[in-house]
Amino acid sequence: MTDERAARSGRFAALDRRPVNQDGLAHEDPGLGLVALRSPDDPDPSLVIGADGRVAEMDGTPRERFDMLDRMIADHGLDLAVAPEAMALADGELARRIVDPGYPREEVARLVGGITPAKLAAVVRLLRPVEMQMAIGKMRVRRTPSIQAHVTNRLDDPLLIAADAATAVAFGFRELETTVPVLEDAPSNAVALLIGSQVAAPGALTQCSVEEAMELELGMRGLTTYAETVSLYGTEQVFVDGDDTPWSKAFLCSAYASRGLKMRVTSGGGAEVLMGAAEGRSMLYLESRCVALARAIGAQGVQNGGIDGASVVGAVPDGMRELLAENLMVMLRDLESCSGNDTQVSESDIRRTAHTVPLLLAGSDFLFSGFGSVTRYDNMFGPSNFNGDDLDDYLVLQRDWGVDGGLRPAAEADVLAVRERAARAVRAVYRRLGLADYDEAHVQAVVEAHGSKEVPLEDPLAVLRAASAVQRSGVTALEVVAALAEEGFAEEAERVLAMIRERLKGDYLQTAAIFDEEMRVLSKVTDPNDYAGPGTGYEPDRRRRREIASVRQELSVREVRAEQELAAATLTLVEGPPAEVGSDPREVAIGLSPAAGRGIWTTLSGISVRDALREIEAGLEEEGCEARLIRVRSTVDLGLVGLTAARLAGSGIAIGLQGKGTALIHRRDLVPLANLELYSVAPLIDREMYRTLGINAGRHAKGVVTVPAKNPYTEEAITARYHTRALALVAIERERSEPAVPIELTRAVR
Amino acid sequence: MTLRARSGRPVEEITVERVVAGELSGEDLRVHPDTLRAQAEVAAAHGNPQLAANLRRAAEMTALTDERLLAIYEALRPGRSSRAELEAIVAELEDKGARMTARMVREAIDGGAERGLLSDR
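Listed in order, the protein sequences are those of chains A and B. Per this note's numbering: the first sequence = residues 1 to 750. Per this note's numbering: the second sequence = residues 1001 to 1121.
Hints were generated in silico from the structure; no laboratory data involved. Glycine included, every Cβ here is placed at the ideal spot set by N, Cα and C. Fair warning: there could be bad hints in the mix.
[As the list claims (entries may be wrong)] Residues of chain A placed beyond 10 angstroms of chain B at every Cβ, according to the derived structure:
(1) 101
(2) 252
(3) 444
[Claimed, not checked] Covered stretches of chain A (chain B as the covering partner; in silico rule of three or more C-beta atoms under 8 angstroms from a C-beta of chain B):
(4) 211-218
(5) 508-520
[Unchecked claim] Using 20 angstroms as the maximum straight-line C-alpha spacing, the simulated EDC-like pairs for lysine to aspartate or glutamate come out as follows:
(6) A:505 to B:1034
(7) A:505 to B:1027
(8) B:1096 to B:1085
(9) A:505 to A:487
(10) B:1096 to B:1107
(11) A:505 to B:1012
(12) B:1096 to B:1066
(13) A:702 to A:626
(14) B:1096 to B:1034
(15) A:505 to B:1041
(16) A:702 to A:677
(17) A:505 to B:1085
(18) A:702 to A:715
(19) A:453 to A:389
(20) B:1096 to B:1067
Only chain A is shown next, with the shape it has when bound in the complex (with noise of 0.2 angstroms):
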């Protein structure tokens, strides 16, 4: 019988096995709306107006056909005096003058004002990823970029809440995001929240996303400080479904203002065709009409490019541009941006990086409109494209670029202050209300927690009451600034009271509006993005690049040096007279670099120089040879360290080794570069290699035939792991060497 199994390919079955082949990718299929860019069904751009001065047909469609959205953007988002000018433009010319750096941002931003929305998605059609992102620097409307956190947790735990809220803020997130699996927790996540944010620093912005009513609710009370669940889609089918109309939204917008309440919209591709009702239409051009609904409206900003649907619009050819091109229509809309990567678009890091480092680059108001600040399973957004144990890559991707992602290092000791502080505000106040009564037990584990999962649940119904507690009683932001003062959180009771001075003020109103940490307004009017060009728009000053660049892992040849002293005691080399040529043909010399066994003490691969010199002299004696150790001054060239101490040795051969434990074996008549075996990957050297390197360099003494070792080979970043920690060794044996000739060396007797 014949084997019928089809043939595999071990190349494609590990190539199955890779997360993003978890991904489900889709055909493009126009009839469902699972286009990016283009769609057959896409409206050519037309707008005409009528007699009456208003707009009698837009983007194909005659006003008596018009629905509700063609409606509102007609009737308020178009500029009509600009829109003959700039709907007469080529498509091709205004996507220039998009990208141009020398070509105004106001300039554009007016000539925008005038064009329907198929003729932005034209337009931005046009635009290649790169272009995409000198148009993100020119257009984004804050000169200073900024970025939003997910704070949430599965429990709804108010102490975690505020722990965690406090820990966003310690690593510079300015507005915070928080929601709940269970609804009604709601007004006690908004109350941890707002005390959370205010611990290690004033100003950021909080908002508690819910159904639209409820999130209205608690601003008023003056328990949010900012609002973004105001949804708003591209077809009208889907708008309904959502349970409003362009008109309840624009009464809603001006519903927060009327409160003094900052608020921004939603949108995003993708979800018209999860819900079925895409109309034919490509992704780009719906998320256009909302873009234009939200200008129409009056919203300052919108959140979209990467929302709930991102997967979905992942799913298709051009994916990814079209979210970036949704951010892209909302800064050329002159709003402000918060730019998705809001949920996790892809089962392979690769992937998921490559989504959002683009706009990392370009920088936008908001690069996120949430990273998971939390652990993923605590961010009951679902997980966000970043989360809070990818924080170090951030970090770290901001500083290779030495662009401004809006986030900073924070020290573990300082995040656990603010933890602790946070923890204990919110106990403090939730006991005087009334709300709740948390343990220290419970604060302790809060403060140390990676997630819910280490926080016991003692009461799985205290949050409830808590929350039922606070809308019962009508708690408002008074109620908690009083009771953080009562309970001696003097500085959070001001600074929660500052955001209400805030809203009576009305500047955060403006477009793309945050608080730095000295609360100052930093909007459209303020800190407009006055990018034209190379050496224009915002650059991070010195204090920033700094706070940039100064990461934790960052290591100094001063802290590599100071590790090392710790293992001087281990082995103390006590100097000779200068090393003579020996005559013993058995005799096999060990050259030590300047610093091996003298500022320097352990090898890159952990194991001690006392330790490494043991298990070659070892491997010496074991092939019947006398070691002898010379140090060699002169140079830190392993090559010439080693045959230096080969054309000492009564054998002629010598190993070589530098203290960072990279090894060879030489011999008098070869030139320095040309040794008998190396062991250069030092990382990978154990005890066992020694000893085989001993044992080869006394065959080679003997002239045995011998077999080389094999050096290790590893899969890992090698040199990513090493080199920091490399160089500083060889910038010790540097300041070590010396134009001396070699010396013989002694251990001393301890």
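Following the hints, position chain B against chain A.
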């Protein structure tokens, strides 16, 4: 110009001491319509007439209680209200001097009727 809360209290008087002493009320937490109108001027001067209009409607809406605000929002959602109910809201708003907001609700009546989203279709 001294910035004031809707209550008339100057913003500088919103202090922790007064909060603790119980001297402040909900009205002290609310923005004054004049402040919103001033911000509308700023938005218009910075090229965003739509944001300016939003802030002017907001200034009008400071006259509504929280409960009324939530109720009118609810009434504007799809299928919630008949034409007559929305027209009553228009009248209420006009009565409070909320002319721009009233106009927006009127548009909602026209648009909603056209697209079959009023409850008496």
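Please write out, lowest number first, the hints stated earlier that are contradicted by the structure. 2, 9, 17 and 18
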